[in-house]
Amino acid sequence: MRYKKITLQTLRLSVLTMLIHSGVGVSDPQIFDAGTHELTEQAYPEGIEARNTAQVNNRPGQPLSLSSGGSQKTAVKTIGEGTSVMLEGTEKQKITVNTEAAGSSYALWAIDKSTLTLRHMDITLKGANDTAVAIQTGAKVDIGNSTITGTQNKFYGLWASGQETEVTAHHLKITSQGADSRAVTSYSAKVTGHHLDIKAEGQGARAINAEENSTVDIQDSTLSSHGENAFGIVAVRNAKVTGHHLDIKVGGQGAHAVATNANSTIHLHDSHIQTLSKPSAVLYSDAGSTDPTVTITGGSLHAAGDLIVSKGGKTNLVFSKVVISPPGSGHAIHFTGTGGEVDLTLNQTALYGNIVAEGGNKAKVTLDSGSTWSFKENATVTELNNAGKMVFEPPHDSPSFSTLTTDHYEGDSGKILFHARLEGDDSPANQLIINQSSKGTTRVTVRNVGGKGGATKDGIRLIEAKEGTDGTFVQDGPIVAGSYQYSLRKGTTEGSKNHWYLVSSWFARPESLSYAQNLHAANTMFHMTLHERLGETQYTEALSEDSPVPGMWIRASGGHHTSSLSDNDGQSHRYVMMLGGDIAQWSSDGLNRYHLGVMGGYGHEYSTAHHRHNEMSSQGKVRGYSAGGYATWYQNPKAPLSFYVDTWALYHWLKNDVTPEERRTESYKSRWVTASVEGGYLLTAGEVVSRSGILHRFWVQPKAQLTWMNVKPEDHTDINGTRVTGQGNYLQSRLGLRAHLLGHSPQDEGKQREFEPFIEANWIYQPKPMAIRMDDKTHEIQGARHLGEFKMGVDAKLSARLHLWGHVAQQIGTKEYTDTRGTIGVKYHFQ
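Those letters in the sequence shown? Residues 0 to 830, per numbering that gives the first Met the number 0, in order.
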């Protein structure tokens, strides 16, 4: 089946513009007067007019052609209360209105409380000053599933006028392509629309134009305006516009998305607004603005140019939970004239960009507790109410730091983030200048930008209150650079009592201990003696007469460590797992034994550090792997008197983290080697048989160990510009005595089961303490030069193949240095 188009044509005469009877050559439209009428003709060349309660409709799907060649220059006109026209096309056969006249025509016109219902219309007007659908004096129009197109200047798509006039539009596409065209215009009328697709193109074009106490409510729609001085939504002279889920885009020189004046209001909810050109603005007010209000809740704002432009007048703006991109021009509010006044309130919203209210202009900015205002350049506002956070952006391309100047400042537990190059008194820094009054409480955070720290005399000025202040500025968080901490203080001299300064003092930051704890852990957590690695060495020599017996061992250890550095106290927890085994065993004379083995492991240590006086803290973390080998010589493992020498070396791959309080985590790596040489001599002290028949042999073993520690971190510069380096090349000596009791019960005769409890005492000496360097200051872990160590445990041979061992150990130094650890190991021989 083939479908035909129903066509309404508005044919206009270029000379005659009479609205009633024109005279020669022009006929009247067909009149439908009272009663119910159905359009049965296929053509109405002069259009139709319904009046006196007439009810007119067509047959959907039937061919119908209407044109406005009549004296009214209107294709369809309805007049009077109770009069209605319903024109319904179909999806495949739409009603079409085309005009070729000179212009100034109405395609469809409803007046005097009449009703017009339109479905599946395709309306294209080609004359200047044409209006597609005009609604006046209390009439009502419902249009849906239709398209309206105008190609000439001053085209009006929907034009509604009158206090009782109402328009309902849905699933409607309106395209205007001429200068000064208006897609939707309302004068004192009520317009409701949803699922609209509006494109207004041309100089001065407007998508939505509401004036004279109009009420416009648009939902789930797309608005697009392109052209010089084009607008998306305009509300003037007490008009009210409400929008939900709108997508608004404007482009062109001087194009603006939203504009108001003269006590009008615009409320937009969950809408997305974007400007595509420079210069342009998302929000615009001119010199005629007299206290209009724009409220935007949810959604987003993206400005290629300015966010807000004020040419003059007073405007109130409220942004709630809006995502705002940094404006392309850098201006949050741009005053382009004089006498402009903008009152901007932010609720749960982050604002980016400069505000410069000078030359008779005024700006009042209010931040709630969930809002932020960030800017780079110098800014000037008249009044600032801060319950949120104000951020001076750090200088990236410029060496200068910005300044904010305000006449009146009120802090409602708000925050200000300053940046400064923290060194001496003359250090450059952001500044807040208050010309007149200040009150309330504000928390101040300062971040260092490349400063090395330094001594101050008077301090670095951050806040200048020219007329004095009743307000209080409180430091929020540590302010540090290098090895200096800065405190926010009010001036004390006659010329500085109204101002606030940063005053420095040297100290060891908690993170200095965290860095040192990481260095200590990297060099010591894989330490071991021969007995810690293998348990009782005599069990290792359970070899056959002809050949060595291969085996593997694994040991796990955990520990708790406390230490101090200057006024910082720290503690840490660690665990280490190691695995290894011999790869070769031999003897050179049938009595001595040589062992060569490989080993590797994983270790992890977590530490905390706290300053004793200022409640600052930091956290440290070390984790990673080690791998290496060992070699051991026994003079005669079966003899009651014999020497041994043990050596090992490990290469370490470690990752390190230090997290200062309220700052980002600093990460770096450490590498290199630890190695040890150890020697001892085993002596028999005697034996005794208990009443139960158990044979006890007593042994003592003097021993010494020298360990070289050279695991060094890579050089690191933290967020405050502090350069952190770690020293290496440490030596540690251990001198001690081990005593053990070897017990063998008659019940275990022939079972190769033996138990060996032991105790051990050592003196540990480290001539150079572990230290790190932060800029020009060296920080050392205290109390670790001389340590006393006590150890006790048991080694057990459960069978010829299986051996277990375990112990606990305690190290004690000075200045609260302690280390407690426990170890358990197992070794298995394969036969």
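Honestly, the hints are just simulated from the structure, not real lab data.
Be aware that a few hints might be false.
[To be verified] Listed next, with one range per pair, are the computed distances between beta-carbon atoms: (1) Ile718 with Ala626: 30 to 40 Å; (2) Ser324 with Thr492: 39 to 49 Å; (3) Glu357 with His170: 25 to 35 Å; (4) Lys496 with Trp652: 32 to 42 Å.
The beta-carbon is built from N, C-alpha and C at its ideal position, and this holds for glycine as well.
Beta-carbon spacing of Ser324 to Thr492 - inside the hinted bounds 39 to 49 Å or not: holds, 45 Å
Is 30 to 40 Å respected by the C-beta to C-beta distance linking Ile718 and Ala626? holds, 33 Å
Outcome for the supplied range 32 to 42 Å, where the beta carbon pair is Lys496 and Trp652: Since the Cβ atoms of Lys496 and Trp652 sit about 57 Å apart, the hinted range of 32 to 42 Å is violated.
Lying within 25 to 35 Å: is that true of the beta-carbon distance Glu357 to His170? violated, 49 Å
Comparing the model with each numbered hint stated earlier shows that hints 3 and 4 do not hold.
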